[in-house]
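Asker: Letter by letter, the chains look like this.
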Amino acid sequence: MVPLSYYLVLSGILFACGVLGFLIKRNIITIFMSIELMLNGVNLSFVAFAAQWHALSGQVFVFFVMVVAAAEAAVGLAIIIAVYRTRETLNVDQVNLLKL
Amino acid sequence: MLHLALFLIFGAVCVAGAVNLLAQRHPINSALSLVVVMGSLAGEYLLLGAEFVAAVQVIVYAGAIMVLFVFVIMLLNAGEEERTRGSRIAVLFGIPGLLVGSVLIAWVLIAHSGTQPVPLGALPGPPREIAMLLFHDFLLPFEVTSVLVLIAIMGAVVLAARPEAVEHTKKEG
Amino acid sequence: MTPNLNLWLIPVLPLIGAALNGLFGKRLTRQAVATVALAFSGAAFGVALFVATRFSTLQLPHIETVAQWIRAGNFRADFAFYLDQLSLVMLLVVTGVGFLIHIYSVGYMWEEGGFYRFFSYLNLFMFFMLTLVLANNYLVMFIGWEGVGLASYLLIGFFFLRDSAASAGKKAFIVNRVGDFGFLIALFLLIKHFGSLDFMQVFQQVSSLSPETAGAGLLTAIGLLLMVGAAGKSAQLPLYVWLPDAMEGPTPVSALIHAATMVTAGVYMVARSHVIFERAPIALTVVAIIGTLTALFAATIGIAQTDIKKVLAYSTISQLGYMFMACGVAAFSAAIFHLMTHAFFKGLLFLAAGSVIHAIGGEQDMRKMGGLKEKIPWTFWTMTAGTVAIAGIPPLAGFFSKDEILWRAYQASWAYWLIGLFTAFQTSFYMFRLWFMTFTGSYRGTTEEQPHAEHAGHGTHLGREQIVSRAGAYAPHGHGGIHESPRVMLVPLVILAVMSIVGGWIGIPGSMGGGNHFDKFLAPVFHTSTPSLNTQHATPGEVAPPEKQTEGPEPQTSRATELLFTGISVFAALLGFVLAAILYYLRPELPDEIAQALGGFYQAVLNKYYVDELYSILFVKPLVDGSRRILWHGVDQSVIDATLDDSADGARHISDTLRHMQSGNIRSYAGWVAAGAAAVIAYMVWMGAR
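Residue numbers (my numbering), protein chains in the order written: chain G, 43 to 142; chain F, 1391 to 1563; chain Z, 337 to 1026.
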């Protein structure tokens, strides 16, 4: 018997790792993968709560999250490719056209 | 007992993969660690009884999305990360913010999660039940997400196409 | 049945002329501008004459309301005109003398730049002055009051590129404003206590009050404040300082505004408000004292001046003092009589002075004149008429009016009479001094002497559009020599000279065998406590049965005494003539010796007793310094500007600091997002925990 909180702590750790990776890493692709990690952490907490409250819609929501994550990954990677073409680098510090 | 042990095994693998993702310098290593994370998460889902979700996790996430990542890494010939000037702000504000945020979230979740332990396979989620929900109560989101996927496909094609290929199609069209 | 005389035409016609000249004058030829100006001011004079001919058919006072103006609760003020004997006299004087001066100005200003502007301002002045004179209530009068101040400012500073002229204009306006402040407070008191500014209503209410013989009360306050306004407008102590400086303006302006009409507005106003003053003996005494002292004071300064226009300016102040003296002893019709004759001879004197200045090419210093008698005969003779008139030598106009004032003043107090007599002596002295220095002896100036016969058609010197005139008020046009003025300038001089001679004859007092028609004409205005409203008293000259006779007809007592006093004042005038003859004709070296002997005293008089310097130290300097240090540096720069500048700087600093957030570095953005998210979550947790 695993208390729910264990699942939630695990989910939190995954999420925190995702954010940390987003902050620390320099490679765009790695940053993107950190985002995926965050999403996975959230998915876990959804399923955990669904289990606690016997609401199957939690799992359905996870399904949707995955679909959106897939779409986002596709588009995001396409963008990365396009940026790579112009910038010749995957280093996020050098993609600073947003600077005022 | 078995439940707890399995949970801990899968959890440890998960966390190890996540940490490894952060620790590795080459993105391909990070990608492979992410695959490990997803796989172990699928195990966690199974422990909670969400069979469909676990299957979808493996097939879609680990099998499609991560493959996509790996392909892109290969395509762009991403090498090891160089050391460039980082952002002070990210370290100064982000990490403490992260810590504060996670601690708070964790505290809230734990405080309100109740004391009932979750049994093994607590909420079975067979495809049939999922489908009932999906196509009855959540029909609209389902259709919307399908449109979203369509848009994503088109967007990806347009964004990633080579410039001369685009002009080529324009001339033909 | 009140016939509608369209009184509004009288002020409005010059206004139209002013507008036409002001808006289009720049594109018109000089002839067109002159025609417009003369036509409209002449038309106003014509309408005034027409009104005069119809005067006997009117029921007086004749009021015409043109339009509604203010209706605020119980307070009403309308655009309305008021015609009675007093305003008729003022009307004829203003339009008549004004028209003559317009004619003269055509010749005088012909070669000046800004010709159209001058006539536009002159017509504008006529509009305001006529509004003042015809007003039915204090508020419309105040419009005219302020307006003539404005016109005066514009005309004094006509040669605006000259610093002294611009400053003189400012000085006139500001000193006027000080007087207007008093006037306004008087108006406020009137509104508060009588609920109206309408003449009829106010005077009706006031006449039911008893005189404040016991001490100062409301009416005294109102009277004193009105006198403050009059002192500003009519250049009495202590607000007279602007008038000598106003000589910077062109000479016709000095003639019209600062001799004949605008400065008399104060006298008119006091005369119009006689109902109030008669019930406030303290105020009346103050008026008399101010008038008397001013008359004396200005005359002493006039003795030492060397600029011909300045002498006439101080003379004006002095004569206005006489008028206020008359008002102060409740001899209002005498004051108005002197106002009228003064308009004739002072206007004449100024215009003739302008003719002299024109003749010798712009010089105004009398020490450089002399011996002009043969060279400019018409100017000489007309000016002589004016000089004799102002000196008070019978049978010219000034004698009758001044004599009446002195006689009435004596009946109030011998002190007034004595000072008035002494001032009359001084008046005669300095006027004949002017006359001798200008016309007799040998020419001391520098213009080449080429005796010309007086010629007309003078004004063909077009093409020099200079706005600033160099010497004096009139640009030297290098005609070659001293020459008479053109006919267009001489005709008004002659007309005014004739008026100066005969103008007093309508006021010959009973003691000399005349009927004193002038006094009788104005009697209904001044002899009754309430304005006559009954149709039975429509004809002028009939005295309505008054509740209280405040100014009675001249006392018939001691006719012999009156003749004696008359003789004394004539003697004083002749004494002044003789003294001037000695000092400036027979023994011209004497004045300098006397001046040296008197030393410091002479210097003080020459420098106008340093009053301007005193005012400068007391008021102007502190004001300017305070303005600069406190208001400009302290408030404007340090507070207002600083607030704006500092807030702008602050915004810039803040934005400079915040700019660093927009680094384009994605990771720092992520960091901010994480921090922000943590803050939001913390807030939500805290809210949830409460």
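Just so you know, these hints were derived from the structure itself, not from any lab. For clarity, every value in this text was computed on a predicted model and none was experimentally measured. Ideal placement from N, C-alpha and C gives every residue a C-beta, glycine not left out. One should not assume that every hint holds.
Using C-beta positions, here's what the derived DEER-type ranges look like [to be verified]:
#, chain 1, residue 1, chain 2, residue 2, range
1, Z, Asp977, F, Val1498, 52 to 58 Å
2, Z, Gln998, F, Glu1519, 48 to 54 Å
3, G, Ala124, F, Val1498, 50 to 56 Å
4, Z, Ala1013, G, Ala124, 24 to 30 Å
Asker: Taking the CB of aspartate 977 of chain Z and the CB of valine 1498 of chain F, does the distance hold inside 52 to 58 Å?
Answerer: Check passed, 53 Å falls within 52 to 58 Å.
Asker: With respect to the beta-carbon atoms only, verify the hint that alanine 1013 of chain Z and alanine 124 of chain G lie 24 to 30 Å apart.
Answerer: 28 Å, holds
Asker: Does 50 to 56 Å hold as the CB distance between alanine 124 of chain G and valine 1498 of chain F, or does it fail?
Answerer: For alanine 124 of chain G and valine 1498 of chain F the Cβ distance comes to about 40 Å; the hint is violated.
Asker: Within 48 to 54 Å or not, the Cβ separation of glutamine 998 of chain Z and glutamate 1519 of chain F?
Answerer: 49 Å, holds
The structure shown violates just one earlier hint, number 3.
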